[in-house]
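Asks: The lines below spell out each chain.
2 protein chains.
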Amino acid sequence: MNYQVFDTTLRDGGQREGISYTVADKLAVARLLDEFGVGFIEGGWPGAMPKDTEFFERAKTELDLKNAVLVAFGATRKAGVDVASDAQVKALIDAGTPVVCVVAKSDIRHVERALRTTGDENLNMVRDTVRHLVASGKRAFVDCEHFFDGFRHDPSYTASVVKAAFEAGAERVVMCDTNGGMLPSMITEAIASVTQKTGISADKLGIHCQNDTACAVANTIAAVEAGVEHFQCTANGYGERPGNADLFAVVSNLQLKLGLKVLPDGCLEKATRISSALAEIANIAPDTHQAYVGAAAFAHKAGLHASAIKVDPLLYNHVDPSVVGNDMRILVTEMAGRASIELKSRELGLDLAGHPDTLTTVTRKVKDLEATGWSFEAADASFELLVRSELPGADLIRPFNLESYRVLVEHREDGTVISEATVKVRVRGERVIATAEGNGPVNALDEALRSALQNHYPQLKTFELTDFKVRILEGSHGTNAVTRVLLETGERGRDWTTVGVHENIVEASWTALVDSLTYGLALTSTKAL
Amino acid sequence: MNYQVFDTTLRDGGQREGISYTVADKLAVARLLDEFGVGFIEGGWPGAMPKDTEFFERAKTELDLKNAVLVAFGATRKAGVDVASDAQVKALIDAGTPVVCVVAKSDIRHVERALRTTGDENLNMVRDTVRHLVASGKRAFVDCEHFFDGFRHDPSYTASVVKAAFEAGAERVVMCDTNGGMLPSMITEAIASVTQKTGISADKLGIHCQNDTACAVANTIAAVEAGVEHFQCTANGYGERPGNADLFAVVSNLQLKLGLKVLPDGCLEKATRISSALAEIANIAPDTHQAYVGAAAFAHKAGLHASAIKVDPLLYNHVDPSVVGNDMRILVTEMAGRASIELKSRELGLDLAGHPDTLTTVTRKVKDLEATGWSFEAADASFELLVRSELPGADLIRPFNLESYRVLVEHREDGTVISEATVKVRVRGERVIATAEGNGPVNALDEALRSALQNHYPQLKTFELTDFKVRILEGSHGTNAVTRVLLETGERGRDWTTVGVHENIVEASWTALVDSLTYGLALTSTKAL
Chain U
1 MNYQVFDTTL RDGGQREGIS YTVADKLAVA RLLDEFGVGF IEGGWPGAMP KDTEFFERAK
61 TELDLKNAVL VAFGATRKAG VDVASDAQVK ALIDAGTPVV CVVAKSDIRH VERALRTTGD
121 ENLNMVRDTV RHLVASGKRA FVDCEHFFDG FRHDPSYTAS VVKAAFEAGA ERVVMCDTNG
181 GMLPSMITEA IASVTQKTGI SADKLGIHCQ NDTACAVANT IAAVEAGVEH FQCTANGYGE
241 RPGNADLFAV VSNLQLKLGL KVLPDGCLEK ATRISSALAE IANIAPDTHQ AYVGAAAFAH
301 KAGLHASAIK VDPLLYNHVD PSVVGNDMRI LVTEMAGRAS IELKSRELGL DLAGHPDTLT
361 TVTRKVKDLE ATGWSFEAAD ASFELLVRSE LPGADLIRPF NLESYRVLVE HREDGTVISE
421 ATVKVRVRGE RVIATAEGNG PVNALDEALR SALQNHYPQL KTFELTDFKV RILEGSHGTN
481 AVTRVLLETG ERGRDWTTVG VHENIVEASW TALVDSLTYG LALTSTKAL
Chain F
1 MNYQVFDTTL RDGGQREGIS YTVADKLAVA RLLDEFGVGF IEGGWPGAMP KDTEFFERAK
61 TELDLKNAVL VAFGATRKAG VDVASDAQVK ALIDAGTPVV CVVAKSDIRH VERALRTTGD
121 ENLNMVRDTV RHLVASGKRA FVDCEHFFDG FRHDPSYTAS VVKAAFEAGA ERVVMCDTNG
181 GMLPSMITEA IASVTQKTGI SADKLGIHCQ NDTACAVANT IAAVEAGVEH FQCTANGYGE
241 RPGNADLFAV VSNLQLKLGL KVLPDGCLEK ATRISSALAE IANIAPDTHQ AYVGAAAFAH
301 KAGLHASAIK VDPLLYNHVD PSVVGNDMRI LVTEMAGRAS IELKSRELGL DLAGHPDTLT
361 TVTRKVKDLE ATGWSFEAAD ASFELLVRSE LPGADLIRPF NLESYRVLVE HREDGTVISE
421 ATVKVRVRGE RVIATAEGNG PVNALDEALR SALQNHYPQL KTFELTDFKV RILEGSHGTN
481 AVTRVLLETG ERGRDWTTVG VHENIVEASW TALVDSLTYG LALTSTKAL
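The listed protein sequences derive, respectively, from chains U and F. Going by UniProt numbering, 74 is the number at position 74 of the first sequence; the sequence numbering is gapless. Going by UniProt numbering, 104 is the number at position 104 of the second sequence; the sequence numbering is gapless.
Just so you know, the hints here were simulated from the structure itself, not pulled from any lab data. Errors might be hidden in some of the hints.
A pair holds if it fits inside one copy or across any two, identical chains being indistinguishable in the list.
Said to hold, decoys possible - Lysine-lysine pairs mimicking DSS-like chemistry, simulated, CA-CA at most 30 Å apart:
| hint | residue 1 | residue 2 |
| --- | --- | --- |
| 1 | Lys78 | Lys367 |
| 2 | Lys257 | Lys469 |
| 3 | Lys257 | Lys60 |
| 4 | Lys365 | Lys51 |
| 5 | Lys367 | Lys257 |
| 6 | Lys163 | Lys257 |
| 7 | Lys365 | Lys424 |
| 8 | Lys257 | Lys204 |
| 9 | Lys90 | Lys367 |
| 10 | Lys367 | Lys51 |
| 11 | Lys78 | Lys204 |
| 12 | Lys261 | Lys66 |
| 13 | Lys270 | Lys163 |
| 14 | Lys367 | Lys60 |
| 15 | Lys365 | Lys469 |
| 16 | Lys51 | Lys270 |
| 17 | Lys367 | Lys469 |
Please build the complete structure, drawing on both the sequences and the hints.
Replies: If you want it as structure tokens, here you go:
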């Protein structure tokens, strides 16, 4: 079996609402996909998208791919135009990729109504374009758009497009569920029928599924089970509407559930890291509930489970999280009983088994705080500070205490916007007042607090705020909304997350900021936690 | 065929990271699920969860269900305990529901390692509990936990649990893919094998799937195709880890793709509204990319498609969006050419066909703004203001102009936090200065601006800020982050969304606020847009 893992994150994935890749982004995405071990990277549509033309140009000198080959995507020649003089086809050849994938209409209704040409001319467009690409030394793949809808409506015409493509020298013909309306059983049935009707064996065909029935991953698996060896996915399932088949779920399922080898050795373990790096570049908040690679993919919160997990983790995980580079997590939540809190604390190196009273107090405090909008599920550092401050002979020394702060944001008549903050704190007995500006109220507060503390804690310089998340929580139905802020701080590879909740976003941010510096200083001074 | 649509949003769904239902929430969720037409609503675990005990108590007087019956969830009796004196089983009966669903271990490894008892005692626990429930006048359903893992490991033992449950009088035995590791083909195979092994027909069995392979919906469909008539889902797929099978996708697929009638007439059209209402109560941002019911489920952004959609919308939608109460949307994005902008404007009642120059300017402005972090995809009102301000003889009169504003947030020594804003604006030639306090900086600005404008625009009183979303956009890798604010304003049933982007969150909010009031005033004064 020679599986072709074909990634189209940079082409079809870019159609997801909210994604807009720069050329630099596209190069970075390509490197990560190559590192993950996909065989083909569809980079975009040269000629149609200026950004994509530039991407393929820069790729010639800036991309050094180990596992993948680049693919340029485009359309068959225009109706009534000589292929040699079709500018868009020329752009595909000029892109300089070893493989070109052209989309062809394979539903007669789309040929006639959208393309506004005849079925025969469409077949000529497919033949001419594929022949021309092959003659130019390209490996030619053909995406049959609306394949399944077309095959249901007029099997003979759709089959004739498939045959035309192969006759002209196409290496693969891809069945695209463009509108995403299929279910796995329908895919299985259609493939059996099309191979029987065309005499073409399934291993020459490819599959491309959209997620409109929430079955894109399952549909892709069904096609592979039916003998298809070429499948098109996008990282994290990015794509138009409900998206495409998620590369990470498809590959993990094929390797771990069906025992098929589709990636080079040592690649699957990179799934979790690469998935979040790609979310970062796409500038889309990672889906914590994503299968296999999500932060919550192996997270357990029910007290019921948590207690049993202490016995045998694998009883409660469908695979060992580490095979996809993920971890099992215990979530601190009101649904979790003492067992989860104890387990979580142990995860953080704090053994509460010997301190039943502390365990009780912490469990109660967590329940109370979560009732008012707090969440420690993503804020381990704040949780650890909470536990430590409750431990007998509390081992936590607060490095400073707040007296007051004041933040001013001004939009002046000349249009300039300034933010200025003043903090008054007590550090080791000394009272310090500091003022600073920032590009926003929170940044100004951060700057002011750091300048107030820097003489006593020079190591603060090495702390960097790496992420700042804001969530407005509907006040429980009618009452005022509260704001929850998550702050991620990094220092030489390590990072920690803290949380703050308040109806005032500035105060919520301040709380998270104070926890962040307190935790960081405890880390680097009193002891390595 | 007599399908049982069994919803467990209130029990299993509540285990999703971030969900914490109050009893009032639970009652509201139950009413919405009943309105959607599910047959069974699993309300929680009385006895184990105080909230759930209270829910069932209040349900007796406060819930008047039209389509659904309530189900209490619990466990079989404890090992070595007489069922009649098992407090947890008693709580199940006291819950007063017509149906009780008990979870039973059906994987011998879980029986021995987690439950720490023998296979035989576990079988007795199932028999005793089911008999006791039936004797108490309950319809008894049995969830076989880890069914598929158990059946693979030791088919005979798992089969013996199923038989024991039916012999004791269970109405349904549910095969639970508790760890979520299955694929559709495995489900099909397992069901064939278990029915053959036990002689029990598939229509007596139920299915409960978790989404750990991203196949929960497909797995559920596969089970129904194999003859199962009872399926357990959660609204929006809420649940632990990657979640459960999404009720809306499962039901839509069964009705629209397989032509099975699983809901009462007129219910499916409520899917989109009820899905977002349930997200609201769960306090989870709706998944815009959710199949069928997501805001982007039928949203088209590619210029390519947008132009063809003008010809025939159904060519590009797998179903008519209205059958699930959704709409087709055209997204305004840089990938969309003039076609999308023109289509979107027409959607808003602005015909740009006659104004090619305006169309060009607007398209360019949208591209430029989106390059700096703006997004009009969710902000129709801001987009409309942008178009109107470009129309020849711009028909948009700005109701006021800002001179300057100042916002102060202070955390005082006594711990109180105050927010105060002063705005200076020009309204119809008059210069107005107003100051107000608020529970946060944006609220204070809103109050100050309204008080400055109220004499000239009394109708402002009727505008209500209904939602406020904040998204921190990683500055393009290294540079400062920018903040995007989406503001939703409502007035008597109508609502509109505006957007603001700036590195300073207060300024970004201000921009969205000004658009919001400008749009609202234009709506109510100059003309009905």
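Asks: I want to check one pair: Lys367 and Lys469. Are their C-alpha atoms no more than 30 Å apart within a copy, between two copies, both, or neither?
Replies: both (22 Å within a copy, 26 Å between copies)
Asks: One pair to classify: Lys78 and Lys204, alpha carbons no more than 30 Å apart. Within, between, both, or neither?
Replies: Classified as within; 26 Å inside a copy, 57 Å across copies.
Asks: Can you give me the call for Lys367 and Lys51, within, between, both or neither, at a CA distance of at most 30 Å?
Replies: between (51 Å within a copy, 13 Å between copies)
Asks: At most 30 Å between CA atoms: does that hold for Lys163 and Lys257 within a copy, between copies, both, or neither?
Replies: For Lys163 and Lys257, only the inter-copy Cα distance (29 Å) is at most 30 Å; the intra-copy one is 33 Å.
Asks: At 30 Å max between alpha carbons, let me know whether Lys365 reaches Lys424 within a copy, between copies, both or neither.
Replies: within (29 Å within a copy, 45 Å between copies)
Asks: Treating 30 Å as the Cα threshold, decide for Lys257 and Lys60: within, between, both or neither.
Replies: Classified as neither; 37 Å inside a copy, 45 Å across copies.
Asks: Go through the copies and call it for Lys367 and Lys257: within, between, both or neither, with a Cα cutoff of 30 Å.
Replies: Neither way: Lys367 and Lys257 sit 39 Å apart in one copy and 44 Å across, limit 30 Å.
Asks: 30 Å Cα cut-off: does Lys367 pair with Lys60 within a copy, between copies, both or neither?
Replies: For Lys367 and Lys60, only the inter-copy Cα distance (27 Å) is at most 30 Å; the intra-copy one is 57 Å.
Asks: Should Lys261 paired with Lys66 be assigned to within, between, both, or neither, using CA atoms and 30 Å as the limit?
Replies: within (18 Å within a copy, 52 Å between copies)
Asks: Quick one: Lys270 to Lys163, C-alpha cut-off 30 Å, is that within a copy, between copies, both, or neither?
Replies: neither (39 Å within a copy, 44 Å between copies)
Asks: Go through the copies and call it for Lys365 and Lys51: within, between, both or neither, with a Cα cutoff of 30 Å.
Replies: Between. Shortest inter-copy distance 18 Å satisfies the 30 Å Cα cut-off; intra-copy 53 Å does not.
Asks: Evaluate Lys365 and Lys469 at a C-alpha cut-off of 30 Å and name the case that applies: within, between, both or neither.
Replies: both (23 Å within a copy, 28 Å between copies)
Checked against the numbered hints above, the structure breaks hints 2, 3, 5, 13 and satisfies the rest.
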